[in-house]
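Put the two chains together into one complex; each comes in its own frame, and the hints tell you how they fit.
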Amino acid sequence: MHPTDFTLRGAIDALNEGVISSVELTTAHLDAIAALNPRLNAYITVTGEQALEQARASDARRKEGVTGPLEGVPLAIKDLFCTAGTLTTAGSRILGNFTPPYESTVSGNLLRDGAVFLGKANLDEFAMGSSNTTSASGPVENPWSRANDPDTRLVPGGSSGGSAAAVAARLALGATATDTGGSIRQPAAFCGIAGIKPTYGRCSRFGIVAFASSLDQAGPVARTVEDCAILLKSMAGFDPKDSTSADMPVPDFAAACARGVKGLRIGVPKEYRLEGTPPEIEALWEQGLAWLRAQGAEMVEISLPHTQYALPTYYIVAPAEASSNLARYDGVRFGLRVTEPGSDLRDLYERTRAQGFGAEVRRRILIGTYVLSAGYYDAYYLKAQKIRALIKRDFDEAFAKVDAIVTPATPSAAFGMDEKQDDPVKMYLNDVFTVTANLAGLPGLAVPAGLDAQGLPLGLQVIGKAFDEETVFAVGTAIEQAANFTALPRLRAGA
Amino acid sequence: MTYVIEGRTGPWEVVIGLEVHAQVTSQAKLFSGAATEFGAAPNSQVSFVDAGFPGMLPVINQECVAQAVRTGLGLKAEIHLWSRFDRKNYFYADLPQGYQISQFAHPIVGTGTVEITLADGSTKQIDITRLHLEQDAGKSLHDQHPSKSFIDLNRSGVALMEIVSEPDMRSPEEAGAYLTKLRQILRYLGTCDGNMDEGSMRADVNVSVRKPGEGFRTRCEVKNVNSIRFVMQAVEAEARRQIEVWEEGGAVEQETRLFDTGRGVTRSMRSKEDAHDYRYFPDPDLPPLVLEADWVESLKASLPELPDERRARYVAMGLSPYDAHVLTLERETAAFFEAVAKGRDAKTVANWVTGDFFAALNRTGLGVEESPVSAAALGELLDLIADKTINGKIAKDVLAIMFETGERPGAIVDARGLRQVVDTGAIEAAIARVMEANADKVAEYRSGKDKLFGFFVGQVMKAMQGKGNPALVNEVLKQKLA
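Protein chains in written order, with our numbering: chain H, 142 to 636; chain L, 1091 to 1572.
Source of the hints: derived by calculation from the structure; they are not laboratory data. Note that beta-carbon positions come from the ideal geometry of N, C-alpha and C, so glycine has one too. Any given hint might turn out to be false.
[To be verified] Simulated DEER-style distance windows between Cβ atoms: (1) Gly-516(H) - Ser-1358(L): 23 to 29 Å; (2) Lys-1390(L) - Ala-225(H): 41 to 47 Å; (3) Ala-435(H) - Ala-1195(L): 29 to 35 Å; (4) Gln-1152(L) - Val-207(H): 48 to 54 Å.
If we strip away everything but chain L, and leave its shape as in the complex, we get (with noise of 0.2 Å):
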C-alpha cells in the first residue's frame, strides 16, 4: 500500500529522511565537566570550556563516546574505531567558541538499521547513513527585554548525536513510526531520555517528491521540528507546498526551512546561497578518537535487551504480535509487565496489562512507573482470579477500586465481601429465584429460543451480585434449564 498525494497531473511519492539530535544522556558535558541537568536556572551549568574563554581546551567525555557507541550498536551499525572531531565554523552570540565541535568527515559510527512496524502490522528497513558525536550551542532569548537578547549557556557543549537516516521512508507515517522506534531504542538503551517537549531530541526532516519510478528530486530541509505529530504534519505540508511548485511548471529551489506549527506551513529559512561556509577542518585541539575494539566488544555485551528482541520473546511466551509491540513501546511498560508475568501466565498478563490496566492508566493520565497500582498488587490480583477467589468480572471492580485507593486486592475483596460463591446450593437457590420470576422465558427457552441463555447466565449473576462462579453458573443452569 503505497503512500501518494494526488496532484493534479498525477499521483506523486513523498521521500524523506530525517536527521535526529538526540542529547546523549550523560552527567557530563561532551568536552567539560559541566553539568547538564534539563531546567536549572540559565548560565547556572557553564565551565569556562563551554564559555569559550581563552585558553581553554576540550577533554573528550569518555561516557559521551560509551554512549555513542551503545546506540551505534542498537542500530546495528558499524562502529569505527578511528574517528575525529572537526571544526564548523560560524559567529553567533550563543555559539561561544566561534565553531562548534562536530564529527564531520569521519563519525564514530556508520551505517545501520532501523525496523520499523506500521499501523498495518507491515515491517520495513530504514537505513541509517551514520551517527556523529558534536556539541550543542547555546540558547539565545529575544524575548526577555525589548532591546536585548540574553544568552543562556547551560545546554552550550552538551553532548549530542546526531543520527541521520537514508532517505528511505515514503509517507508521514513512516516518517513517525521511524521516530518512534528510534526514541524507543534510545531509551531502551539509556543513551537519550528522548524527550522532546525538552529538546532532548529534535529532527531535521529533509522532503523532497517525485512521480512514481523517478528518480529523486530536489530536496528542503525543514530544520528543528520539536515532536512526531510535527514531524508527520511538516511531511506533509512541505510535499505538498513542493508538489504544488512542480505543478505550477516551477522547481523546487534547495534551502533550509521551519515549520510553522501554528499555521501548519513551511516557511523559507535561507536558501542554498546564503548557506554559510562552515570551513570545516579537523579540531587541533583533539587528537583523534581511537577506541579498543575490546572496549566496544565489552560495551556490546553489556547491552541491554533491545526492543525487537524482546518483542520476539514475548512471541515466543505466547503473546500475539499485537500485544508484544505494545507491551515492549517503553521501556517501563516492558518491565512492568515482566514484573507481573513472573511465574504467571504470560498470556493472560498480557490480556490484563493492555486492556483494564492500560484502560485504568490512560483515564488517571499517568505514565506505567506512576501508576497507583504495582506490578505485585495486580499480579495478587490475577492469582485471586487464578485460584477462583474472584472471578474475572469481579476482578476488574476491585482493579478499579485499586486505581482509587492504593489497597491491595486481598483487602479489597475481603473488605467488600466479593469472594466468589462456588457453594453449588448457593447456586441453585438463585437459579431457581430467576426461573421462577422469569417463567415465560423458562418456556420460550425451552421451546427452542437457545439465546436466552445468556439472559438467564446474566440474571443469576445480578441476583448473586456478580460473585457466582461463571462456569458453575453455566454448568448448573443448563442442568436446570434442561
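So here's chain H without its partners, still in its complex pose (with noise of 0.2 Å):
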C-alpha cells in the first residue's frame, strides 16, 4: 500500500504502531505534491523543509514517548489561515507578498496536537467562489474527469478547492477549510471526499482572513467522515481572541461516528426539491434516506419555508460584509501598494485595490457597497437580516421534531473549468442547498454517496442542530457506510 493511500485514522494508527515514520509518510506527500502539484495547483506554497523538520521533530517526540492526537499526520492547510512565517496569500495579488507574524487559532491548535503542515492551499480569491477559478495564483483542476470525456478539466469547486483537490489527489490525508456559503461543502461534493463546517462559533476565526465574518466558519476536509470527526475535535475550541467563539466543551466526535441512526427521525425538507435538479442527485437523495431508513431511522417530511430566500439573502449579508473586511486591504500598512510619483492617497487606494483585488472580489465588494449604502440599507440589508432571522426559525422549527436533515450536497457535479464563468448568478446557485446552514450558523457535512453517470462523485448534505455535530456525524458515517464508496480519482498520487 502506498503511504499516501492511508487514511488520516489509519495513518494515526500506522505511526503509533511504528509501522511508518512521520517522516516517511511526510516525504510520500512530498513526493507526491511534487509530482501532482504542477497540474493540480492546489497547492499555493509547499513548505517541504519546514514539513520534513516538523515530521523530525515529530518522530523524536514519539520516541519521547509525546504523541498528540495528531502526532506526524500530514496536512494542507488552506492559505486563509495565517500561519507564522509562511506567505499567506488569500489568494490575492493584495496579499501576494504577506508573510504574517502570527499563527490562527485553528492552525495552532492542530501544531500543538503534532500535526506536519505540508503547505497552503488554494482557494478563490478571498473565499470567493464556487469553482476556485478566482485565485491569483491560477485555478486548480479536479483530480476527477468524466469518463467519456477525460480531457475536459473540471473544477474541483470553491473556495476551498485546492484542500479538497489536494486530499482527493492523496496530496494530503486532510486539509484546514473554510465555509461562508458552502466552501467546505460543495468542493468536497465535487472530489468525492468527505467536510464539515462545523456550527458557527465552534472554530475561532482568529486568524482566518475574513470574507464574511457572521457566515465564516473553519472545518475540515477529509476522506472519510470519521477522519474529519479526528481534525475537527483539535481544530475546535473556546478562543477568546474571537469574540463569536464558543464557550462549550468539545465532544469525541469520532466516537460519535459509530452511533448509528436507529431511532433517529430524519428531516427531508420539501422545499429542496427544486426544479432543474438532475434526476440522478434526486435519485441519490432517495437512494440516502433508504439507506438510512434500512438502518432504523424514521423519514419525515418537513418545510423550510423560507429556502427560496436563501441565496439573494445570503449574496446581500456575505457581501456588505465583505465590503467592510476587505476595506483594510488599501496598500498603507501591508501586502500590495500601486501608486504613481505625485499621487496621493486616494490615488494609492484606487491603484492598489484596482489591481490588487481580481473581477469577482471586486464584484461582491461593489454589490455590499451598494446594499449598504444610505437608501438602500432597509431595502437590502436589514431585510436581509430579517429573511435570515426567519430562515433560522425555520430551522428551529424543524429540529423540533427532526434530529437531523439530508439533502443534497450540490445540484450539479463538478462542472468544466470554462462553464458558468460568465455568468455570476448561474455560478452563485452552486451554493443553492449550503448556504442556508450558514445563514442559520448550523453545522453542515457533505459526504460523498455515489456516483453520477459521467462517473463524477455526488455528495449528500446532513444539517444538524446547533453544537449537535455528534448527530451529524453519526448520521454521515451511516451514509458512508452504506454508500461505500470507493470509486477513485484518475489523478491521484501512487496512481
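Structure below.
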C-alpha cells in the first residue's frame, strides 16, 4: 500500500504501531505533491523543508513517548489561515507578499496536537467563488474527470478547492478549509471526499482572513467522515481572541461516528426539491434516505418555507460584510501597494485595490457597498437580516421534530473549468443547498454518496442542530458505510 | 438674563449642543491589549488588531465598559443593559481597518442630565442625549516630510466615550460651564483625565441662531475644538457668521466647519453634499454588549462622591455656596480641603484654602497636588492660630515662608520668634509708648474722633512687630484711651 493511501485514522494507527514514521509519511506526500501539483495547482506554497523538520521533531517526540492526537500527520492548510512565518495570500494579489508574524488559532491547535504542515492550499480569492477559478495563483484542477470526456478539465469547487483537490488526489491526509456559503461542502462533494462546516462559533476565526464574519466558519476536509471528526476535535474549541467563539466543551466527535442512526428522525425538506435538479441527484437523495431507513432511522417530511430566499439573502449579507472586511487592504500597512510618483492617498487606494483585487472580489465589494448605502440599507441589508432570522426560525421549528436533515450537497456534479464563468448568477446557484446552514449557523456535512452517469462523485449533505455535530457525524457515517464509496479520481498519487 | 447677539435686524438667540469625545481612562485599548499611555514613541503602542492586520478580531475590554457605565451613572443617565457595536465605514490612512467600531444605533448610555452653575450663581439643567463607546483613529502627520505623510497608530483603537448633549445651551458661557462641569464629573469619576491639551477630551460644537421665540434653524458643526476657551470663542464666532448670513438674506447651509484659533473664525470643512456615506451596520465580529443589572448596581454602589453631592455636603458643613463651588471644582482641591478640615472648623479652613493658600498657589503656578505646603502643614498653621500661638496676621507671613522654604509652621514660628504676645504688661508698655509719641492724636480721639482707634491698633501692632494678640490689644487700648 502506498503511504498516501492511508486514511487519516489509518495513518495515525500506522504511526502509533510503528509501521511508518512521520518522516516517511511526509516524504511520500511531498513526493506526490512534486509529481502532481504542477498540474493540479492545489497548493500555492509547499513548505517541504519545514514539513520534514516538523516530521522529524514529531518522530523525536514519539520516541520520548509524547504523542498528540495528530502526531506526525501531514496536512494541507487553506491559504486563508495565517501561518506564522509562511506566506499567506488568501489567493489574492493584494496579499501576494504577506507573511504573517502570527498563527491562526485553528492551525495553532493542529500544531499543538502534533500535525505536520505540507503547505498552503489554493482557494478562490478571499474565499469568494464556487469553482476555485478566481485565485490569483491560478485555477485548481479537480483530480476527477468525466469518463467519456477525460480531457475536459473540471473545477474542484470552491472556495476550498485546493484543500479538497489535495485530499482527493492524496497530496494530504486531510486539510483545513473554511465555509461561508458552502466553501467546504461543495468542493468536498465535487472531489468525492467528506467535509464538515461545524456550528458557527465552534472553531475560532482568529487569524483566518475574513470574508463574511457572521458566516465564516473553519472546518476540515478528509477522505472519511471519521477523519473529519478527528480533525475537527483538534481544530475546535473556545478562543478568547474571537468574541463569537463558543465557550462550549468539544465532544469526542470520532466516538460519535459509530453511534448509528437507529431511532433517529431524519428531516426531508420539501423545499429542497428544486426544479431543474438533475434526476441523478434526486435519485441519490432518495437512495440516501432509503439507506438511513434501512438502518432504523425514520424519515419525516419537513418544511423550511423561506428556503427560496436563502440565496438572495446570502448574496446580500456576505458581500455587505466583505465590503467592510476587505477595506483594510489599502496598500498602507502591508500587502500590495501600487502608487505613481506624485499621486495622492485616493490614487494609492484606487490603484492598489484595482490591481490587487480580482474581478469577483471587486464585484462583491461593489454589491456589498451598494446594499449598505444610505437609501438602500433598509431595502437590502435590513430586509436580508430579517429573512435570515426567519430562515433560522424555520430550522428551529424543524429541529423540534427531527434530529438531522438530509439534502443533496450540490445541484450538480463538478463542471468544466470554462463553464459558468460568464454568468455569476449561475455560479452563485452552486450554493443553493448549502447557504442555509451558514445563515442559520448550523453544522453541515458533505459525504460522498455515489457517482453520476459520467463517473463523477456526488455528495449528500447532513445538517444538524447547533452544536450537535455528533448526530451529524453519526448520520454521515451511516450514509458513508451504506454508499461504500470506493471510486478513485484519475489523478492521484500512486496511481 | 438671556444672552443675545444684537444684529441689524434685532436680537438673535444662540442655540448650542455639544458632542464631547472623552478618552476612557484605562490600561488597554477598547478592543486590544495595547497600552494607551500619552506621549509614547510613535507606533510603539500598536497591536496587530489596532493595525488592522488580516484575521485580527476585536475583543471588548471590560474595564472600558465599566468606565462608560460609571460615567453614565455620574450623568444620572439610564444605562442600557443591551447595546451594540456598529461599523462606521470610511477610508483614511490612519484608520487601519477601514472602519471605526462605534455604537451608532444602540448606545450603552441613554438620556441623562448635567447641572451647570453660571457666574451669577444661577444653575441650569443641560440634558444628555446619549453616551456611546467607540474607537479612536490613529494620527496622520503631514509636516514631517516634504512629500510623505507619516502615520502614528498609538491612538488607533483607544476607547472614547462620545457624550452628546441636547441643544440646551444658549450662550458661550453656558457652553463653557457645561464643558467645565462635564470635565469635573469625569475627573471625579476617574473615567477620563479631561486633559484637553493632550487630546483626551475634544468637542464638536453644534451652533445655530434664531430670533427669540422661533423654532430651531439650520445648525453647523464646528469639529474638534480642543479647549474650553476655544469652544466659547467658536460659539460666538460661528453665531456671528450665521447671523451675518441670515441678515444678508442668505440661508445657513448645514455643514462641518473648523475653528481657526489664530484668526478667531470658523471656516468650511465639508458641506452636506460631500458628507460621507458611512454605511453603518452591526459589527459581525462582536456580539451585542449585554450587561448584568447586578453588575451595574455594584458599579453604582462603588461610585465616588460626585461634585454636586460634595458641594451640598460642604454647604451643610457651613460653607458659603461660593466656597463650596470653588473647593469642589477639582477633586484634588476638595481632597486637600477635606484633609485640612478634618477635626478643624470647616469654615475657617475654607477661608484659608480659598484665600491665602490659593493666592500663594497661583503665584507659584503649581497645582494643589504639587503644593509645597501639605494639607497637614496648613492644618498645623491653623492650629497655631486656634491655640493663640500666633495671630492671623502673622499666620499669613508664616504661610508665605512655608511656601518658600517648605518648613513646618511650628519651626518657623519658633525660629523667628513669632509667638504672639499675650502678656498684658508688654502690651501696656507698647500702648504707653504709642500714646506718648502721638499725644495730639490721643487728644483728638478723646474729643470724639472715634475713627482714630484703628490707627492706634495699627501703631501698637507695629510696635510689637505684629505679634500682639489682637483681642488683647483692642481691650487694653480701649481702657487706656478712655
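Each hint tested on the structure:
no. : hint                                 : in the structure
1   : Gly-516(H) - Ser-1358(L): 23 to 29 Å : holds (25 Å)
2   : Lys-1390(L) - Ala-225(H): 41 to 47 Å : holds (45 Å)
3   : Ala-435(H) - Ala-1195(L): 29 to 35 Å : violated (53 Å)
4   : Gln-1152(L) - Val-207(H): 48 to 54 Å : violated (37 Å)
The structure fails to meet hints 3 and 4 from the earlier list, while all remaining hints are met.
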